[in-house]
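Chemist: Going down the list, the protein sequences come from chains V and S. Per the working numbering, the very first residue in the first sequence carries number 1; after that it's consecutive. Per the working numbering, the very first residue in the second sequence carries number 1001; after that it's consecutive.
A couple of the hints might just be wrong.
[As the list claims (entries may be wrong)] Coverage of chain V stretches by chain S, computed from C-beta distances (three or more under 8 Å per stretch; other residues unrestricted):
#1 96 to 104
#2 239 to 246
#3 322 to 330
[Claimed, not checked] Computed list of chain S residues with no C-beta within reach of chain V, every gap over 10 Å:
#4 A1037
#5 V1189
#6 L1263
Note that these hints are calculated values from the structure, not bench results. Here the structure is a predicted model, which means the values were calculated and not measured. Ideal placement from N, C-alpha and C gives every residue a C-beta, glycine not left out.
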Amino acid sequence: MTPADVPTAGGALLALAILLPAAGILASFALGGRWPERIALGSAPFALALALAITGEVWRAGRPIVYAIAGLSPPLGIALRADGVSAVMLVVTALIVPAAGLYARPLFATPPDGRETRKAFTFWIMLQAISAALAIVFVSGDLFNLYVALELLTFAAVPLACVEGKPETLAAALRYLLFALVGSIFYLLGAALLYGAFGTLDIALLAERMRPAPAVTAAAALMTAGLLAKTALFPLHLWLPPAHANAPAPASAVLSGLVVKGSFFLTVRLWFYVLPALPAIGFDAILGALGSAAVLFGSVMALRQPRLKLLIAYSTIAQIGYLFLIFPLAAGVHPWTAMGWNGGVMQVLAHAFAKAAMFLAAGLVYESLGHDRIDKFAGAARAMPLTFLTLGLGGLSLMGLPPSGGFAAKWLLLGASIASGQWVWALVLLAGGLLAAGYVYRILAPALARAPIVLKAPPRRAGEAVALTLALVAVALGFMPDAFFRLLDIGRPALATAGLP
Amino acid sequence: MTVFDALDLAIAALVLGVAAWTIAAREMFSAVVGYVAYGLLLAIVWVRLYAPDVALTEAAIGGGVTGVLLVVASKRLGRLPQPEAGPGLGLKLAAAGLAALVAGLIAAALLYLPDPAPSLAPEADRHLAQTGLGNAVTAVLIAYRSFDTMLEKVVLVLAVVGVWSVAPDRFWGGRPAPLGPASPDPALVFLARVLAPVGLVIGVQIFWVGADEPGGAFQGGAILAAMAMIVMMARLMRPPRIGSRRLRLALIAGPAVFLVVGLAGPLIAGSFFAYPAGFAKPLILFIEAFMVLSIAATLPLLVAGPPNGEGEP
């Protein structure tokens, strides 16, 4: 047992954060009818309370909190571990998933006679499954347990992408499934190799025993490739635009805002927590370069999309690219790594809220206009101002203009790249911001024109409120106090090893 | 070279040969047959590697259930209009290159693994007394890593929802299409009548001895599932309506009982998923009994697919 595996106070909350949505899935499945919706929405306050309680415990302890399942410590048992970033991600999930749920109520309602429908049953169960899977991703300390989380995430996300049941959504979902399954298998192969080399699957124990070996390099390459396919990092992004653009808006919000962050989070866990002792073999530069290519490619593609939802989906490919700058900018023990780390995490949060808000707003546009063709938006912003305000505020954060979470993220990443002398990433950040301004302008400029427009129906007030609230959170992230960044520092791996020779 | 060395070499050559044949087969059905044979050969490989539990699972899942799934899928695909052209040569070469690269990478890495391999097996054996079990594999699945096993069963429930979710809306709640042809071969009907009762007993037996010998809930449940599928293929039983409350309860019984016992852990044994000392084995068998039921119900439903109107008379 390592010091990182000694159970701490409050650790039981971590198990509850996983078991609550798991119990919800089983109960929803058995009861059917109206119950999946009731359980999904009714359990949301408890999930949020748990996430906040975990955050409080981490903050109070000033170090990661740990729980040993069945009282059995690693390597034989499974440890759950939450550091500052885990806690923050749990809170973000507990906010965005119910927001998508509230927005989705009229779209996935059960008929008044209480008869169970395919769409409602699937949607509300899979929404809970996303919460369960992400909770495991964020708090598990065991590589195989994390594999189970990836499976849960895949089997929840793919049906959400095709819950409408149209042929084109089925084709997109099937492609998504194939990418995701290949990713899972690569991850599992790598985890098996690491067990073969070190005889444990526990992250803290692996980090302690880690030493360079051919099996480790092979495992790192396999797991990274698998996780990148699931995260849709360029050039493994092919599945994302059709899957995210054709899903119903609340599903797109969760898929784009949260699900791809799950596999990104595991990539970070792998490189910063399992493999930090590995001598640099250029992986960080490769990941940074792929991320930069994603920023440029995704933005240029977004500029050329005729449909709003496709534009937003390609923007996700670009915004995922920024996340991977965390590898060259926060690795090792340097004065600038805290800035790179905070910037990367802030980009995860800002994009989660901004993109969820924009997909929900795009759904409202589609409902009101009957289409989402950008060239026919003339006058739409005057007819549905709150919806386009949401798109504008989300876009503000995507561009990285102040005040917004996106600005804070890019400012920190920019600072880290300049402090570390890695100018090339700074150029990517600036170019990506300009391109983002271009595609956000493409949405807003025609919509703001004075032109008569006929709405099929006014946008749903409740839907507008939810989307706007998420966009406002994305903006408010630009004002996070210093304490927030101290929370992110709790359990940050570079700090943990800084004292070692 | 002993006789066993020669046997191992022969099995290895056969596995590779069958794998190559499966890839090269032009007919979908031949490829499926190759795949099933490959699964059974792998089961023999696991026996030779002294992993009888893995061998049982590989035979039941890799050879049995997946085989039936692929047969049913290829039959149903055959009824659809066929696409004009398959994947082009470039795509095939790219796939082959990627597969060869991954296989080469793993093979190279395996050669450098430490020898003897670091293993948790001794520690798993040391803790065995606390669980009251005799089979360390069952202890890993239901005690040491019970959390994973429970969550994997939740994954199975999601898989069922995922399969059902592609049903046409108007057939929701109805029966999946029958597994076999409208007028099944009398030989198949006879086989189902004779084999199913025997298989039922064997499946339960494999679950029951799993506490101390090779076997367990998953293998036993898979055998029961195979029996259910044979009976359905012989049209002696229709796939159940997916809206049936009893079916829903059978599907979640395993993970639900597991979850409830796990949640009760802090009250009865000090932490989630812990078992009280001296009472572990009966609790484990209790959980496993429900898991057998859920696995036996889940696998045939995954094979049967979504309700599509064909299951109704």
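Chemist: Looking at the structure, which of the earlier hints fail to hold?
Modeler: 1, 2, 3 and 6
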